[in-house]
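Join the two chains, each given in its own frame, into one complex according to the hints.
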Amino acid sequence: MSRFLISRLLWLVPTLLAIYTLSFLMVQFAPGDPFSDERGISEETRAEYRRMHRLDRPLYEQYLLTLADLATLRGMPSIKYPERNVIHDLLRPTFPVSFALGLAALTLATLAGLAVGAYSAVRRYTALDHLFTGLTLLGVSLPSFVLGALLLMTFGFYLRLLPAFGFGSWAQLVLPVISLAAFPAAYIARLTRNSMVDVLPLDFVRVAQAKGVPGGQVIVLHALRNAFLPVLSYLGPAAASIVTGSFVVERVFRINGVGHHFVQSALNRDYPLILACVMLFSTLLVIMNLLVDLGYALLDPRIRYE
Amino acid sequence: MTSFRPWFGLISILGGLLALNFAVLWSVLGDGSSAAPGESHLRFSQGPEIATLDPARIKALGDGRIAAALFEGLTVTDPATLSPRPGAAGSWDISDDGLTYTFHLRPEACWSDGDPLTAHDFIYSWKRVLDARTAAEYKGMLYPIKGAESYAKASEAGEAGETGVTAPDRLPQLGLEALDDKTLRVTLERPTAYFLSLAAFSTYLPVKREVVERAEAGEGGAGSWIVAGRLIGNGAYLLKEWTYKSRIRLVRNPRYWNAGNVRIETVDVLQMTTDLALVGYEKGELDLVMALPALASEALVRQMRAGRRSDVHLADNLATYFYRLNCRRGPLKDPRVRRALSLALDKRAIIEKVGRLNQTEATTFVPPNLPGYEAPRGVHRNIDEARRLLAEAGYPQGRGLPKLLLLYNTDEGHRNIAELAMQSWKKELGVEIELANLEWKVFLEEVQKGQYDIARAGWYGDYVDPNTFLDIFMTDGGNNDTGWSNERYDALIRQAADAVDPAARNKLLRRAEALLLEESPIIPIYHYVNVSLVRPTVKGFKTNLRNEILFSDLWLDESGGTEP
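Just so you know, the protein sequences line up as chains A and B, in that order. The first sequence begins at 337 in this note's numbering and counts up one residue at a time. The second sequence begins at 377 in this note's numbering and counts up one residue at a time.
Pulled out of the complex, with its shape left as it was, chain B reads as follows (with noise of 0.2 Å):
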């Protein structure tokens, strides 16, 4: 049947594997399209993630900082000093009893395509955060416009029948009103001190009516916009390029109104990993890293202080790394057991030993040095105190605590925490606990459960004012996760939204952080800090509490030192 043919079979396999090899590897590789850089070419990198570029879905502050390139809210946070400035409204005024803001837009500001921008954009965008169909999970920051939150419920309710859509003249009024094209007349359910500010946030940015509805009609589906060559945005970049997962090239918006003080052209966002940045930034390919992997981070701080490197900058952040404590069972029931906790936890230890950042000790919930607000006097470490305060809630030395559990999610530096948390407990107080790390996603389903006794937490302050911090603890706010609740404070964080007079707010949430701290639902540990590179040729880089920052207000200096 078959004659012997010894080139058949094994040398054709072989052969055939190889030459597959060469065709797939030729076809795969030598395929970096790098562009040469041009005159003033930024090159950025934030880590390797971007969710979504949609500003009605950002979460993400990497995601924001993209975002602010493309797009212009109605006011822009100054990176420098985290205060609102005019952005895409030249000016505003703000009625005596604090409820209505009268912004002007400018006359010259316009889409990228050349279209008007006007009063309408904004309140079709900020519709659609609060229509249910966007699903935008910060659609809270708009519930300061009065009616808001009834708009974004009833949208939602509108959800539950069958034919699905609502039709927005049907939903309860919004305090929007466009009253020419150029001027919105925006009123607020409460004076709310820092609505200029949330102005500026991600949430508020406006998306392109016409745009968007297309894509949502389209093939593509409702995100089909965000990608190269469809994306219509009203800011000082535009979308030039979009390879996921690799790059994001930004060119300036000629059409953007002040186009003539944007002094870097081209802005590669690179996306990839920390370590992988850190060694781009030393071999030249990189101008700016701001996310950077922890052990590295400590070695170019040390060189920082050491006087051995210029290009490193230390930020602290509007950020806070603690423990939650459950306060529905067990002894944590007893705010003096939680107080003690919170008394005899050496925060030094745990920032020396694990932190190693110069991390900023956390004696108050609402990191410190917010402007204009004067915080409480914080928790400042008391053994003595602690014990005693142990012993009077019935456990002296600990004995008849049973063992408390301690949960955080699967990470080394968060064990290490926990570890010296336990040492410093089991020493001081005599108290046993238990160490568990579980999974993210089951970690975030047992603390939203209430299946822990302590749980490792970290919040990111969304705007400039201790209401970002407070408010979460308020009774079933969405992320307490401690079953904490007090009238008082509730009234104290309700009392302070009303206030008109910023003194008089400042000195009522200063009490609630205080009755916050007294009370020890969380133990605050430390501030989070931020690492960035800077190659010295990048001018007008600001640090900043969130880590904001504005490729418009950057150029590059080529003359002057080169080191790197």
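Here chain A stands alone, though its shape is the one from the complex (with noise of 0.2 Å):
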């Protein structure tokens, strides 16, 4: 176990290098120049500016000291906001709204996908399960701006009945992260039904139901609890999904999290900002598949021993 443990966390670190080494000569190589705008500068100035963010340098050099840069958490200026250090200015305030966006919308999925997942499967062919069908489908079809813009729009501005915008009160959270959670909650669903209706009929659910555990416990502590692998294995895809769509969502409800300085240092050429951006993301990602694969371990005791 441990063994597995380790040699999980050790492929960490290459991960994440070779996608910083992707991201920084995406980055160097793209069109568009950092220092532009509608009233141009002249060549001393952008001179001084490509001196003043290490940009004159050679390439070993700047992805050398961006890296330690960015592994010892130190940062480095922002080129749009020069007096701002990227980890602690930008990434530091917003990142905790984000993170809290992102893990209340992948624990709603994953609570309410289970549960109409396994409810779907168990009451099978019932006019909820056709309409849980129903609604899953749309839950994958639909991106998630387009359901938080129709969202917004019925409960922000006609109903009224929740805040349109912002950050900051509970009920404040509650469109966006519906926003986020629905497809994969929708995901999860269709994938817990399908799972559950292969392990519902196996003989330790009958033996299980034979010896007189109650019900419920059969159907979660028993049932559920196998067909739960899939949708563990689809935890860190959904975690991705999560994540790329909070850059929409958060623009559409006007959040200020990472999503805003992701998608704006893409726009600005803002080379730091972006490396800091996707390097926070990737790691968060990685992070996410190596508890996926911990909790695969935990759950089921044949991949304990790799």
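Among the clues, some could well be false.
Sample of chain A residues with no beta-carbon within 12 Å of chain B, all distances over it, derived [to be verified]:
1. L358
2. R387
3. L464
Some chain A residues judged to face chain B by a derived CB distance under 10 Å, without partners named [said to hold, decoys possible]:
4. T381
5. P432
6. R605
Pair ranges (Cβ atoms, derived) [as the list claims (entries may be wrong)]:
7. B/A812 with A/Y396: 30 to 40 Å
8. A/Y396 with B/A554: 42 to 52 Å
9. B/A593 with A/L361: 32 to 42 Å
10. A/L400 with B/L394: 38 to 48 Å
11. A/L361 with B/L396: 27 to 37 Å
For the record, the hints were derived by calculation from the structure and aren't laboratory data. From the three backbone atoms N, C-alpha and C, an ideal C-beta is built for every residue, glycine too.
See below:
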């Protein structure tokens, strides 16, 4: 078990390094100049800016220095906001917001998806099952920003039941979290239903029922627990879809999260901020996948000794 | 190996997830620190971005507004008239030849930490702007000062060396002299009629030497003094708090020489997107909003015109939306073709269908009604003349004219305008246009490289004088980008810069603009407007061409109408 854990942890570093290298190169070769604006700047000013942000140094030097700055979390000044450190001033205040949002969406998606999927499997072919099938189809088909905009207009403006914009109160969480959670929830629901349908007829379930274990416990502790594995595998990609969905959802609901920085930094060619954002999200996702692997090992004794 | 523990595994995973969730949410939410509004508290919004408050580096107008509250220049632009009025300098003398300005600083003017404000502070601050290491994009605003341009260039050259630092003593003489602590003598390169207006500009604001140098030497780096608690200014307000990307809180500076007349105690500058600001205003959380979403602006202006709202303010701006024409390639090398396009464009339709805020049609490049400036006749739509010119150039009814590429940066408004332009040119002249939208940075690159025939552009004037619009198009001007070069134009602009007599100067500028419009390297389309929402309790607000605002000029009157 610990060997498994250690080998997974060791893979973390080369993976992140590969992501960093690729991003660093892409960012250097993208067209467009970080310092250009409607008003032109003189060649000397541009040269001075490039010097300030280390862009006049050889590529390998920039690569290593930026890597060091990011890995040690010392950070470096943003190009667009040179008085601000990308990590301490720009990402640190906004990250908790995005993280809270994403985590809430993931939790909601998992719990709701499991519940809906399990119910649908147990009460197969009932009216509610058909309803859920339709809803989940809608859920996987609608992009998060379309759903977000629809929810915003309906509940935020027409019905005025929920606050439309911003972040800070529990009520303001509702719409963005639902928008982000819808797709993974629907996907998880369908996964769960299929998986449960496979698991429910199996012998060990009948044994548990025969033993007199109450129905609810059978479903959750015995059947669902085994049916959960495909869902667990999906949680890694689910996290990724929530992260990417958050860029647009944060924009739709005017939430001051990392997504805003991610998108704007790309548009501004703000190299330090771009790299910081990319590494932040990559690390998050890599760790998420590691946790999923760990969860797998926890849940399925057969996997424990790899 | 493992006994069957049903609670382990799934339940713990889900339970852990839920618990983590609540922990994170709990710590992140319920965090809104909203201070109770004091007696006179203005809540202001101008969009989400503040790039910097360092006077040397300020480019954006919004940043300049806040800087104008924290620092005070020799002169201050009066928002009502846009003329300069005494600021940190109580009075000044101007020599007859217009080259020497002697500013007398107010004896009571001081920094917010109590230290007196001196002429040396201004000299230091302006040298800092010119120093290459500051990389101040607007350093050109200081070039009217004698020796400033050479100082800047020498500083840039010094930077190329390994040691990097060129001691200030070795740099060429600047026309700046402190006759004593409270008297600053400025010698100009040439008589600059609008110098007093320039002296109010962000780039000319003073910063305190010890504060800046301590920051540069310290760990935080060059910008680390621009935070609450460390920023020392000489303006009407202090920087009490700056929650990045959320709120700036300004409080009245008791040491400001005119603190007695500053009536608003606290100003909150709330950074939020324009639609959030609109919602915030309607909910009563904002008092003054200067940046609004386009669609909403249209609705607000309509309501204002119908008499249903009295808190909407529409102001003409010192800014022009125009098209650049690439004079270096293809048929646009011929001024007749360019002029034909200019004469045939249906600007009215563009304003009515896209702009929709009753913007002024631009018949000239410089916005109208600048005090003291008589605009040239301008370009008025004339289809027959346009057709005649096109035929004369060898393309009757557009035959033989290759397709022209019209570039614009991705935006729905720009696209709609481009489509209307395309339609009117096709219909009236038979000219074929190909539209292409590019992402902003790529667009800038293509325009600067000259890879376009027609390109969308906008220009905001920096000071209230035609020169800020006209000197762009001198040969090889940094913002020219059209390849247009005309010796007579260059000569006129230079002569105007040297002219002492305002009437003679304006005549020269008028001739220059007439030449510009005749040769048509650009097609002016309309002049921008700005829509603001001002709660009736806010008094003293004056709309003006540059959307300038001084918090110290405003006051709140709680009595009277409370309708939003």
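Status of each hint after checking the structure:
1. L358: holds (21 Å)
2. R387: For A/R387, whose nearest Cβ neighbour in chain B is about 7 Å away, the distance does not exceed 12 Å, so it is violated.
3. L464: holds (22 Å)
4. T381: holds (5 Å)
5. P432: With a closest approach of 5 Å, the A/P432 hint holds.
6. R605: With a closest approach of 6 Å, the A/R605 hint holds.
7. B/A812 with A/Y396: 30 to 40 Å: Distance hint for B/A812, A/Y396 holds at roughly 37 Å.
8. A/Y396 with B/A554: 42 to 52 Å: holds (49 Å)
9. B/A593 with A/L361: 32 to 42 Å: The hinted range 32 to 42 Å holds for B/A593 and A/L361, with Cβ atoms some 36 Å apart.
10. A/L400 with B/L394: 38 to 48 Å: holds (42 Å)
11. A/L361 with B/L396: 27 to 37 Å: Cβ of A/L361 to Cβ of B/L396: about 36 Å, so the range 27 to 37 Å holds.
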